[in-house]
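Heads up: the protein sequence lines correspond to chains A and B, in order. The first sequence begins at 1 in full-length UniProt numbering and counts up by one. The second sequence begins at 1 in full-length UniProt numbering and counts up by one.
A few of these clues could be false.
[Stated by the list, open to error] Residues from chain A shown here face chain B by an in silico Cβ test under 10 Å; the list is partial: (1) S31; (2) W121; (3) L125; (4) L365; (5) K366; (6) M373; (7) L432; (8) Q476.
[What the hints assert, rightly or not] Using C-beta positions, here's what the derived DEER-type ranges look like: (9) Q458/A / K124/B: 38 to 44 Å; (10) K391/A / N23/B: 32 to 38 Å; (11) G139/B / V27/A: 43 to 49 Å; (12) A236/A / D180/B: 19 to 25 Å; (13) D129/A / P287/B: 56 to 62 Å; (14) N44/A / E288/B: 44 to 50 Å.
[Stated by the list, open to error] Which bits of chain B does chain A cover? Going by a derived footprint, with three or more residues having C-beta under 8 Å, they are: (15) 17-30; (16) 66-74; (17) 180-193; (18) 258-267; (19) 320-329; (20) 350-362; (21) 392-402.
Treat the hints as calculated values from the structure; they're not laboratory data. Glycine is no exception: its CB is placed at the ideal position from the N, C-alpha and C atoms.
Protein chains: 2
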Amino acid sequence: MDVNEFRRRGKEVVDAIADYYENLDNVPPLSAVSPGYLYKIMPNEAPEDPESFEDIQADIKTKIMPGMTHWQSGNFFAWFPSNSSFPAILGDMYSSMFNIVGFNWICSPAATELETVVMDWLGKLVGLDKRYMGIKDDGTEGTGGGVIQGTASEAHIVVMIAGREKALERLKAQGLSEDDADKMRYKFVAYFSDQTHSAGQKAANIIGCKTHTVPTGDDLRLTKQALRAAIAADKAAGLIPFFVCGTFGTTNTTAIDDLPGIAEVAESEHMWNHVDAAYAGAALVCPEFRPLAAGIERADSFNFNAHKWMLTNFDCSALWVADSTHLVNALSIHREYFPPAEDSTSFVKNYRDWQLPLGRRFRALKLWFVLRMYGASGIRAHIREHVRQAKWLEEKLLADGRFEILAPAVFGLVVFRLKASAISKSDKDADLESLNKANTDLVTYCNEDGRLFMLSTQLKGVVAVRVAIGSSFGTQKNVDLVLDVLKESASKVIAEF
Amino acid sequence: MDVNEFRRRGKEVVDAIADYYENLDNVPPLSAVSPGYLYKIMPNEAPEDPESFEDIQADIKTKIMPGMTHWQSGNFFAWFPSNSSFPAILGDMYSSMFNIVGFNWICSPAATELETVVMDWLGKLVGLDKRYMGIKDDGTEGTGGGVIQGTASEAHIVVMIAGREKALERLKAQGLSEDDADKMRYKFVAYFSDQTHSAGQKAANIIGCKTHTVPTGDDLRLTKQALRAAIAADKAAGLIPFFVCGTFGTTNTTAIDDLPGIAEVAESEHMWNHVDAAYAGAALVCPEFRPLAAGIERADSFNFNAHKWMLTNFDCSALWVADSTHLVNALSIHREYFPPAEDSTSFVKNYRDWQLPLGRRFRALKLWFVLRMYGASGIRAHIREHVRQAKWLEEKLLADGRFEILAPAVFGLVVFRLKASAISKSDKDADLESLNKANTDLVTYCNEDGRLFMLSTQLKGVVAVRVAIGSSFGTQKNVDLVLDVLKESASKVIAEF
Chain A
1 MDVNEFRRRG KEVVDAIADY YENLDNVPPL SAVSPGYLYK IMPNEAPEDP ESFEDIQADI
61 KTKIMPGMTH WQSGNFFAWF PSNSSFPAIL GDMYSSMFNI VGFNWICSPA ATELETVVMD
121 WLGKLVGLDK RYMGIKDDGT EGTGGGVIQG TASEAHIVVM IAGREKALER LKAQGLSEDD
181 ADKMRYKFVA YFSDQTHSAG QKAANIIGCK THTVPTGDDL RLTKQALRAA IAADKAAGLI
241 PFFVCGTFGT TNTTAIDDLP GIAEVAESEH MWNHVDAAYA GAALVCPEFR PLAAGIERAD
301 SFNFNAHKWM LTNFDCSALW VADSTHLVNA LSIHREYFPP AEDSTSFVKN YRDWQLPLGR
361 RFRALKLWFV LRMYGASGIR AHIREHVRQA KWLEEKLLAD GRFEILAPAV FGLVVFRLKA
421 SAISKSDKDA DLESLNKANT DLVTYCNEDG RLFMLSTQLK GVVAVRVAIG SSFGTQKNVD
481 LVLDVLKESA SKVIAEF
Chain B
1 MDVNEFRRRG KEVVDAIADY YENLDNVPPL SAVSPGYLYK IMPNEAPEDP ESFEDIQADI
61 KTKIMPGMTH WQSGNFFAWF PSNSSFPAIL GDMYSSMFNI VGFNWICSPA ATELETVVMD
121 WLGKLVGLDK RYMGIKDDGT EGTGGGVIQG TASEAHIVVM IAGREKALER LKAQGLSEDD
181 ADKMRYKFVA YFSDQTHSAG QKAANIIGCK THTVPTGDDL RLTKQALRAA IAADKAAGLI
241 PFFVCGTFGT TNTTAIDDLP GIAEVAESEH MWNHVDAAYA GAALVCPEFR PLAAGIERAD
301 SFNFNAHKWM LTNFDCSALW VADSTHLVNA LSIHREYFPP AEDSTSFVKN YRDWQLPLGR
361 RFRALKLWFV LRMYGASGIR AHIREHVRQA KWLEEKLLAD GRFEILAPAV FGLVVFRLKA
421 SAISKSDKDA DLESLNKANT DLVTYCNEDG RLFMLSTQLK GVVAVRVAIG SSFGTQKNVD
481 LVLDVLKESA SKVIAEF
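Bound-form chain A, shown alone (with noise of 0.2 Å):
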C-alpha cells in the first residue's frame, strides 16, 4: 500500500468509523457467536501474496464483526465502561503516526514531557494534592509524578514492586545484609479486602508475596479495624506486612474503604500505601466528590483508567507515586545502549523506569486532545450526566416496587436486585437459593431480549444485578430501554416462579 492508497483507504477507514458509531444503537452489543466460531472460517496460515484491502474489509463485515461485544455501544451497561471518544482516536492515530518507542527521553523528548506536562493537568483536574506534581510551582521537579500505564493492573504491580523495595530497604537499614533481607521476602504480606479487584492477588502473585484477604462487612468497605485485626496476627506469626490497597470505588458496587483509616494504618506500619480508584476516580473532576476520597493525600500512590469513564481510549491508566524514589530503585536498569546524556538534568523523567516494560506508545497525546477539546467543563458534564442516569434509574427501579437496591448509586453503577417479596408464592419470603436464581435469570432474560448487555455479580453469596451506565455515546433513551427490559424480563421471571 503505497501513501497514495493510504490517503483514499484512511479515509475509508475514517467514514467506516463514523458509520459504526451511527448505527452502534441498532446493533445487540453481546456478540452470539459460539466459541470457535472464528476458527472454522479462517484459512490454517498466512497468504503468501499480497490481498487486497477491499478483502479485508470485507472480511471486517462478515467474519469480525458478527464476533464482536460492541464495547461502545449505549447499551453495554457490563463490567465498567470502557470509553472511547473522537478526540481520542485522533490523538491515537497521530500516536500510529509516529510509532516512537519512548523508554526515555531522547527516544522523543515531546513523549516524555507532553506526559509529565499532562499528568500534573490531569492530577489537578481531580484534585490531586501536590505531592503526586511532577513539576513543583517553582518550575523544578517533585519527588513524585504521574505516569501512563497500560491498565490499572500494570499500576498495581509497579507500585507494589516499589513497596517491596521500600521494606527491604527498611529491612537492610535494620542492620539485615542483602542476602538476608532477601531471605525475608517470603514473609511479605500484602493487604486487601474481599472486595478489592483480582488485579491485586494478581500483581501478588507476579511478585510472588503473601496476601491477606480483609473481610469487609455489610458495607462491602475496608474498615481501619478490620486491617489492623488481620496485620496483628500476621504479625504475630511472624510475618512482615509491606503493602495495603485502599479502593475508591470497587468492582462490585463501588464501594469506598476507609482511605483515612487505612492511611493511618500504613503509616504506623511502615507500609506502601496505594489507592485503587480505577473507575471512580474519573468522577474527582467533580469538586461535589472530593470529599469522598479524602485521605488519598496521605497514600503513597493513586491510579485511575480515563480509558474507563474518561473518555480516552484503551489504553491509559493514570497513576501517580508521591514518591517515586523506590520504584525507580527497583526498576531502573542501565545499559550502554541508553545513553544517559539528558537523564541526568533534573528536568526529564525516564519512564521506563516507571513501569514494567522498556517501551511504551505515545500515549500522552490521545489523553491530551480529550483534555483540550473537551475542557475541564465537558469532562464534568460527561460525569454528571451518568451519575444522574445512575440516580434516575435507581429511583425509578425503587418505584416500580419489585426491586431493591443492594448498594447505593454514588457514580454510575446501580447495583439492586428483584427482591423476595416480588417472588414468594407464599406469604414468607423467598429463600436466598430461590432469590438467587431469579436475579440470575432476570439478567439472563434481559441479555436474551438482544437489545443490551449486562451482568450479574455476587456480593457474600447474593446475587446481585448490576448495571454500569458510562458509555460515551449512552444518552437517556439508553437507561429508559434498560428499565423497559428490566421490567419485562422481571415479570416473566415472576411468572415462573
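Take the given structure of chain A and dock chain B to it, following the hints.
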C-alpha cells in the same frame, strides 16, 4: 466533536499522516530540543472550556514536532527499528474504533479467536515447531499457543513467572509443603549472558529472584559450557536454577547464543528455557535464516517483536509457549464478575491468564492486516532488502580501508569501528582509550551532521558504532547517506587526531 466533525477531522489527520511520511527524509531524525523545552511553553493546567481542533493541530506542528525523534525516518539507524506500515495503522484505527477491553472470550469473541488464528499464522510463517501452535491439525486446542504481549519485556516477565511456577511445582512434587517451597524462592536463579537485553534483569527484579550473568567469549555468544559452569557453582552454593534465556540476535551485535546447547542444559536441569528473538526473530520468515535458529524447537517459549522489524505498529510482541499450564496456573484468578460460561470449552483461550494485565486492546487486527496486505512474500522481501543493505554497507566500509567490522552483519545491524591504524599518527597502533574516543567522536559527528541518527555501544570495553538498518520507509539512498556521512565524519575525526 460530533460524528460529522470527526469525519472531516479524521480525514485531515489521514492526510497529515500521509504528508508526514512523504516528508520524513527532509526532517532531522533526532530532536534537537533541550530538556524541559515543553514545560516552558505549556499551560500549567487543562483548559476549563473546550478548545478547537485547529488549536491542537497548530500545537502539534509548533510544540510537538520539534520534540520528536522520528523513528520512522529512513535515516533513523539507532537502537533497532520500530516498523510502522500503512496496513498496520489502518488496523489500529479499527482497533481504536472497537475500543474493547478483551480480557476474556465473551468480551469480544473475534478478538480472542483472531489472535489465536493469526498467532498460528505467524508461528508457521517463522517456521515454529507444532508444539507452539494454539490449534492442532485436527482442529482441537493445543497445550501451547501464541499470545500478543505489549513488549518483549512483558513476555520476559510472563515466562519467568511460568518458570518459577514450574520450579515451585517441582519442589512440591519432591515433598515440600507450599509454605516450605515458598521459603526456597529466594534461592531461585535466572541465567542470562552479559549480552542479554536488560529486560531479563528487569524481569528478575520484578518477580524478585536472583540472576547470574554468564560471561560470553569473544564471539559474544552464551555457550553450553559457560552456562553449565555457572549452574554448577550456584548449585554447590545451595541455589536453585530455574530459568535461562538464550538470545537469537542480541541487542549489541545480533549474536546468536548456542540455543541447542542451552536447551540441552535446561532439559537436564529442569529449567524453563526462553528464547528472546525480539529483533531478529522476524528474519525467520525467510527460510535461509532457519538453520541459525536450531534449538528453538526445544525451548519452552519463544518471543519476537512484530513491532520491530515486521511492519506492525508498536505494540505487538509475539510470544509462544509450548505448554501454557504453568502460565495459566500462575496468572489465573477467578472473580464473580468474570462470567465463566464460555470459558470451559476447549476452543477458547482466556488471554488475561497469558499476560500481566487484565485488559487488552484488539491488537490482532493490525497483525492480521499486515500479514494479509503484505503476504508472506512481501514480508520476506522487506527483510531481505534490509539484509542486502546491511551487507552492502559492511562491504563499503571494509573497502574504505579505515573501518573494521566488529561483528558480522547477519541481519540488518552493522557493527564496526574506525580501526587503530586509521587514527594512529605513529607507526604503532592507537591505544584502546584513544580508539574509543575516536569512535565516540565519530558517532557524535555523524549525529551532529543532522541528517541521520545512530548510536554507539560498548563490547567488553570496546566502543563500537552500531547502524541498525530496517526502517519500513528506508531505501538504498538512506544507506548511501550513512556511508557518506560516516566517511566525512571519519575524515574529521582523523584530522583531529
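Exercise for review: Please name the hints from earlier in the document that this structure breaks, with their numbers sorted from lowest to highest.
Suggested key: When the structure is compared with the hints, numbers 7, 8, 10, 11, 14, 18, 19 and 21 turn out to be violated.
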